[in-house]
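> Listed here are the chains, written in short residue letters.
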Amino acid sequence: MSGVDYLSPTTIAEAVKALGQAGGGARLMAGGTDLLVQMRGGRAKPQTVIDIKRIPGLMDIRAEGGGFVIGAATSGAVLGEHAALRKAWPGIVEAANLIGSTQVQGRASLGGNLCNASPAADSVPALIAAAAVCIVEGSNGRREIPVEKVQISPGKMSLAPDEILIAFRLPPRPAKSGDAYLRLIPRTEMDIAVVGAGVSLTFDASGTCMAARVSVGAVAPTALLVEGAGMALVGSKLDEGALAKMDAAVAAACKPISDKRGTAEYRTKIACVLARRAALIARERAGA
Amino acid sequence: MSDGNQGGSKLKVVGQRPVRPDGVDKVTGRAMFGADFHLPGMLTGRIKRSPHAHARIIRIDTSAAEALAGVKAVATGADFDTGAGGEVEAGEGATAVKEVAANCLAMGKALYQGHAVAAVAATSPEIAAEALDLIEVTYEVLPHVIDVEEAIAANAPVLHDDLFTTGVTPKPAKPSNVAVKTVMGRGDVPGAFAAADVTVEGHYSTAAVHQGYIEPHACVASFGADGQSVVWCSSQGQFLVRALCAKILNMPLSDIKVIPAEIGGGFGGKTTVYLEPVALALSRKCGRPVKIVMSREEVFLASGPTSGAVMDIKLAATEAGKITAAEMTLKYQAGAFPGSPVHLGCMTAFACYDVENLALTGYDVVSNRPKVAAYRAPGAPMAAFAVESAIDDLAKKLGMDPIDIRILNGVRDGMKTVYGATVRSCAFVEMLEQLKAHPHYQTPVAAGQARGVAAGFWFNIGGESSAAVHVDEDGGVTVVSSNPDIGGSRASMAMMAAEVLGLPIEKVRCTVADTTSIGFSGSTGGSRVTFATGMAVCQAAEKVVVDLKRRAAATWECDIANVEWRDGAAVCTDPAKDVKPLSMKALASKSAKTGGPIASEVSINAQGAAAGYGAHICDLQIDRETGRTTVVRYTAAQDVGRAIHPSYVEGQLQGGAAQGVGWALNEEYVYGPKGTLDNASFLDYRMPVASDLPMIDTILVETKPNPRHPFGAKGVGEVPIVPPLAAVANAVSQIVGKRMTSLPLSPARVLAAMEEK
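In order, the protein sequence lines correspond to chains E and A. Per the numbering used here, the very first residue in the first sequence carries number 278; after that it's consecutive. Per the numbering used here, the very first residue in the second sequence carries number 256; after that it's consecutive.
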């Protein structure tokens, strides 16, 4: 066994080139809180580690086009201290801030949480609910894809072998909007979601839901956008009938497995419970 | 909270709360744990482990690994020589040497996933890892069995062809997975059941749980060219490590020196060896020091959890709530080799209660799981879970207060336990009365919450211990302990010595000696160290006082009867002598002129350990939509004799309660269909984290100091893990509305029970 090459490019082009040249033998590293653990456990054996933190803009949060652009390597701690982001997207920030311990928060990034491609990643349902878009760049140039299209199965992504996730774009936030993320863990922290649910809602002046996106995690091979659940809420005031319809849509979308973290039946039930609760918190945050 | 030193005691150090002597090293990282030792030329050792739950080892081909550059030694079970075998006293019971050896490196069969089959020592971790892959093991995979009831079944795969159940007559014709049947009891159980006003019964089960110490097993072994060896390791007993290494490698004891490292938690799990004989065997082969450190995954796969248990219980009682008889069957997982603590489960099950008619039957059952190791009050928490749940049922049936029914049935001095001991210095009833009067119990249960109460017992032991007290030339004192400090024993040893010597605690330091620097001692286990080694410390300090008085008398040319030792100085009471007191410092500085160095070493077999009793109250709430439990208030009371350092004692109560709550709510070993462990990590083996628990309030009951200890100490470390399982389950059962009989009470299980109802 030989050593591992460590590269820390300072431009995106340089990073794309290094990734392409490694021909599948490289792994990108942001905070390293997943990658380094996998390497130590022998589950990842890259020949090259490409650290993207020195690329300008990869650890920034910028207001842009009425929304935000968040560099892919931005840590949970930085997200948590950004007042404007917290105000506009409290659900995304609370989701990112649930990952790991205080120490892990200082390193673990939003981009890494998505690109680790775990169906239980906490920030992903919140980002999907927010209609966040990924900005990716590779040798074929730059493109934008919705977050829900990035993961394709546990550990697998739709990105090309030399494509790098550069940033997330969050859309402008209309008035009377709110989001929330909830997860179930048997403990209070330092755990992995048995189920997660992210909801983002926008209301009109009368308190009627105008737009809704609902996403659930850890109940299928990837985090899911449950379009039917959002549609169940649109046009309603989140009355019991609408919530029951949302439950049905969420339950129908769940395709969980039974494993050490929970049974399929339990996960489906809890997905509905958490989606409801998150929707009610999102409404309260929207001031509707 | 008690301050541990009430009632006009004249004690000046014992009962106070000085700064902990191990604290600064631990928080600054200066403490040297098992993995922190490095020697020149040291090699990295790694262990190859079975991927199968049960397999015959047909062949181990180490040639490719041995040929790899950088590999210096490869070892298998064939490198061990246990000779006649025999048993070694380990922690809380004897352990068979051949089985310890076969657990360190498999002999003929791999008995669980993770069972060590071979080991390598190489010049780097990378080469060692590569060498592991080059060791070719040919297995014949055998059917496996994980569950205890399935292992007992007639058609179960048998782990050991030579295991015939002991404790049954005639001897069985066929081998089985039941190693031992234990029967104990007294009185006329059927008669008492026939005459009972009321009976309750239940079928209970608990999951295997790991001790969860933060420090993985780690050691460095160096075999010298002259045959003399040194082992540096983290363990609960350097003498035990020495004994097991010597027996497994057929070496004289005096050729092995074991230097104890700081220990990052043991809870009983470090009262055996996994790595040390392997590292020594590798070092013997190549002549270089070898270090082996387990990963967390290895700790879960291959070091001892405690038994999961299956229990059936029946109680008979009068209408007034007096328990007249109990019948109980306990089946405990032993893991891959015999030796579950089921006999301790039988002995402790009703030790808190005066029950005239008892019938207890225990089964020690092997299955394809890692061999169990001692875990804090081994065997008692599971038994108490069943007993305390059944008593809760009885109280409900009779409309009695749960503390009152325990007071009514509680043991008092002079009563006999089922295992023959007479109860003495027992404050069980006083403790329950204090618990009942505590603000927690006096506060009504909040809406949406429930309250559970349960009690527990542990023997506590004494045994062989050595200690020395050295007076330094400047009048300071070094106490040399023979026991690794897990729960604060350096503090308690130093405090007891300071009290006897009349010195401020700052003048007394305590160190833990290696196997060549102090007389023999049993391990740190059985809640014995403050009692037994503490007794040796007190006796050594008393001998020093006698010697100091003799020296003062010689200096003053007076009769020793006219010398008193007061507040760290010799005082002359002879009215004919007009002399000033001689301080420790003055006597120490002149020691060369009064007979040489001032020191004393004492080795004893301490008798008279007093049993410990605890009772806990748990308030909790459950999220009715998810089944998730939150503990909101918790109080632990315990009969502690006298608390030497009350903060450490409170810490023991809090730590035991925290582990017990984890056992009750979420901890379990999860096995897949192939008998492999699915959750060998702290991420998925869900021990509680700090934020899962409220501050745990404590009541130290000091109404009955142990008269057999110089300061009245009773063991305190193990009792507090016994009550929590039932304290939690009794509260959960109230909210669910039916008896919860199976641990852990994980959210999915609780939700399913609420929906079933």
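Honestly, the hints are just simulated from the structure, not real lab data. Any given hint might turn out to be false.
Said to hold, decoys possible - The list that follows gives simulated cross-link-like pairs (lysine-lysine, DSBU-like), each with its CA atoms no further than 35 Å apart:
#: 1; chain 1: E; residue 1: 433; chain 2: A; residue 2: 929
#: 2; chain 1: A; residue 1: 267; chain 2: A; residue 2: 848
#: 3; chain 1: A; residue 1: 835; chain 2: E; residue 2: 537
#: 4; chain 1: A; residue 1: 798; chain 2: A; residue 2: 835
#: 5; chain 1: A; residue 1: 1012; chain 2: E; residue 2: 537
#: 6; chain 1: E; residue 1: 426; chain 2: E; residue 2: 322
#: 7; chain 1: A; residue 1: 929; chain 2: A; residue 2: 993
#: 8; chain 1: A; residue 1: 281; chain 2: E; residue 2: 330
#: 9; chain 1: A; residue 1: 929; chain 2: E; residue 2: 322
#: 10; chain 1: A; residue 1: 845; chain 2: E; residue 2: 537
#: 11; chain 1: A; residue 1: 267; chain 2: E; residue 2: 322
#: 12; chain 1: E; residue 1: 433; chain 2: E; residue 2: 532
#: 13; chain 1: A; residue 1: 798; chain 2: E; residue 2: 537
#: 14; chain 1: E; residue 1: 532; chain 2: A; residue 2: 848
#: 15; chain 1: A; residue 1: 540; chain 2: E; residue 2: 537
#: 16; chain 1: E; residue 1: 532; chain 2: A; residue 2: 436
#: 17; chain 1: E; residue 1: 522; chain 2: A; residue 2: 540
#: 18; chain 1: E; residue 1: 537; chain 2: E; residue 2: 453
#: 19; chain 1: A; residue 1: 1012; chain 2: E; residue 2: 532
#: 20; chain 1: A; residue 1: 798; chain 2: A; residue 2: 512
#: 21; chain 1: A; residue 1: 281; chain 2: A; residue 2: 267
#: 22; chain 1: E; residue 1: 514; chain 2: A; residue 2: 436
#: 23; chain 1: A; residue 1: 929; chain 2: E; residue 2: 522
> The structure should be examined with respect to each hint, and the outcome stated for every one.
Hints and how they fare:
1. E:433 <-> A:929: 26 Å, holds
2. A:267 <-> A:848: 31 Å, holds
3. A:835 <-> E:537: Violated - the C-alpha atoms of residue 537 of chain E and residue 835 of chain A are around 74 Å apart, more than 35 Å.
4. A:798 <-> A:835: 23 Å, holds
5. A:1012 <-> E:537: Cα-Cα ~25 Å, so holds.
6. E:426 <-> E:322: 26 Å, holds
7. A:929 <-> A:993: 34 Å, holds
8. A:281 <-> E:330: 33 Å, holds
9. A:929 <-> E:322: Since the Cα atoms of residue 929 of chain A and residue 322 of chain E sit roughly 27 Å apart, the hinted pair holds (cutoff 35 Å).
10. A:845 <-> E:537: 69 Å, violated
11. A:267 <-> E:322: 60 Å, violated
12. E:433 <-> E:532: Given pair residue 433 of chain E, residue 532 of chain E holds - Cα atoms ~18 Å apart, limit 35 Å.
13. A:798 <-> E:537: Not OK: residue 798 of chain A and residue 537 of chain E at ~59 Å, beyond 35 Å, violated.
14. E:532 <-> A:848: With Cα atoms ~86 Å apart, residue 532 of chain E and residue 848 of chain A exceed 35 Å; violated.
15. A:540 <-> E:537: Violated - the C-alpha atoms of residue 537 of chain E and residue 540 of chain A are around 42 Å apart, more than 35 Å.
16. E:532 <-> A:436: 47 Å, violated
17. E:522 <-> A:540: 71 Å, violated
18. E:537 <-> E:453: 40 Å, violated
19. A:1012 <-> E:532: Roughly 27 Å between the alpha carbons, so the hint for residue 1012 of chain A and residue 532 of chain E holds.
20. A:798 <-> A:512: Between residue 798 of chain A and residue 512 of chain A the Cα gap is close to 28 Å, so the pair holds against 35 Å.
21. A:281 <-> A:267: 27 Å, holds
22. E:514 <-> A:436: Violated, at roughly 66 Å.
23. A:929 <-> E:522: Judged against 35 Å, a Cα distance of about 41 Å means the pair is violated.
Of the numbered hints listed earlier, those contradicted by the structure are 3, 10, 11, 13, 14, 15, 16, 17, 18, 22 and 23.
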